[in-house]
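> Heads up: the protein sequence lines correspond to chains C and E, in order.
The numbers in the working numbering rise by one with no breaks, and the one at position 137 of the first sequence is 137.
The numbers in the working numbering rise by one with no breaks, and the one at position 12 of the second sequence is 12.
Just so you know, the hints here were simulated from the structure itself, not pulled from any lab data.
One or more hints might be untrue.
Said to hold, decoys possible - Straight-line alpha carbon distances no greater than 25 Å define the calculated DSS-like cross-link-like pairs of lysine-lysine that follow: (1) Lys-109/E - Lys-6/E; (2) Lys-400/E - Lys-32/C; (3) Lys-40/C - Lys-243/E; (4) Lys-386/E - Lys-42/C; (5) Lys-398/E - Lys-110/C; (6) Lys-187/E - Lys-54/C; (7) Lys-397/E - Lys-54/C.
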Amino acid sequence: MTIQDIQNDIVDEFSMFDDWMQRYEYMIELGKSLPLIDEKYKTEDNIIKGCQSKVWVHAELEDEKLVFTADSDAIITKGIIAILVRAFSNQSPKAIIEANTEFIDQIGLKEHLSPTRANGLVSMIKQLKMYAIAYQTQLN
Amino acid sequence: MINIDKIREDFPILKRKVNGHPLVYFDNAATSQTPQQVIDCIVDYYSNYNANIHRGVHTLSQEATDKYEQARIKIQRHFNAKHSHEMIFTSGTTHGTNLVAHGFTAILKEGDELIVSAVEHHSNIVPWQMLCERTGAVLCVLPIDDHGELIMREYDKLLSEKTKLVFCNHISNALGVVNPIEEIIEKAHKVGAAVLIDGAQATAHIKPDVQELDVDFYVASAHKMCGPTGVGVLYGKEEWLEKLPPYQGGGEMIAEVSFEKTTYAGLPHKFEAGTPNICGGIAFGAAIDYMNNIGFDNIKAYEDELLHYGTEKMSQIEGLRIYGNSKNKASLISFNIEGIHPYDIGTIVDKLGIAVRTGHHCAQPVMDFFKIPGTVRASFAFYNTKEEIDALVEAVKKAKMMLS
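Full structure from sequences and hints, please.
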């Protein structure tokens, strides 16, 4: 599946909900399915700055595809990362670099995308893309 | 007595809806809301007499200068300072603290000691750390106990003839505990040390009397007491302000300038370089008038009632822990629910129209002490109601249900 396909799926899933509470409950559920980062990678270096909650992300290249694992100490943040990881993990670095994030807006989480918000969703996306750029350079 | 309905009418923002719910504003410790009287004052300034102050011969400049200086006198009377020139207009509490810390660079020497309390806001830690770096002075920390109260017997041990400065907040922003500043000041003076009290949190609840406290420096911000942002006050005893060198150079703070030598203006202008926040200063005066019209005794009695009501209601939520359990406390509840991150609670209650603050509240050492990443802080003002507290309790319960 391409990133766009996965994003379309996520948008479909979220369109079933009528109100924010259902959306948040679903997001919290998704948080529980997040592929957790190995404890040994929960280092200061892997913490994404700009989050009020702690967020760790680790990236590894497998068969030229980037695999993300992550964790957070706040569950809503974890749900947001789970959505991002689902959309971006197991994709080529090039596809990740080129991907847009409009689906966040479509699933009603736009408020989390504001650069001034202390949850660091923007820093999170930036970090995923940075990993992709770094690995793309390696592949070249 | 507080006429709560009448007071709420004064605050246009309280009619707002947030996320489809009536706004419940419980982030007063971060910034207070602005009554119409203060908004009118700001509009009046820009509509009728906006001009640069001091030395202008034209009418508008005279009017603006008069109003600005009248505001200084209002602030002086409010804090009961001896002279109006002891009230220095600043951009806020942080500015005032930095001004004093800068001034002490020339006074301190290597090996001198400063005492800081463990419940300080970063703005009352970092300027002093920078001062220590510049001078070789040493920063000593006055610890707190599990209730968030300062351990005063440790203070006695820290004080010595080496102590030159002590700084402490009047009320802790992270926990709401009222610190025993009278004792802190008295004991510091016995060893010849000066004291700076950070009144950022206190001035919304208490009317400090700087002469009775005998405090050397007291700093505060207008925006925590119904005034605008970007303006505050530094009170300093005349003899201290005379001793400290100017903080910034520029217009307004000089007597005579030549390329060979510049002489500085007297107090308070020596510390007020450049065009100040004229409108802000005048509106600060209006905010002080507004609060005094309601009366600080009334404000305190009403807020105490809210605090007791809130504490009782919140304590009934299972797994909820309140940080800062001192009997002497401002109307603020800093809490966590077991197993739930404060950020998650803040996000959910915001969805229900309730504004609280989450995080370390710029007091990381306090959070480290309790070994927590942060807290949720609900801070009440005299325009809040018990019904709003009920809404918070329901919202927190809902958040707990969703997040557990």
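> Take the hints in turn and mark each one as holding or not.
Here is how each hint holds up against the structure:
1. Lys-109/E - Lys-6/E: violated, 55 Å
2. Lys-400/E - Lys-32/C: holds, 16 Å
3. Lys-40/C - Lys-243/E: It is violated: about 55 Å lies between the C-alpha atoms, which goes past 25 Å.
4. Lys-386/E - Lys-42/C: With Cα atoms ~43 Å apart, Lys-386/E and Lys-42/C exceed 25 Å; violated.
5. Lys-398/E - Lys-110/C: holds, 22 Å
6. Lys-187/E - Lys-54/C: violated, 42 Å
7. Lys-397/E - Lys-54/C: holds, 24 Å
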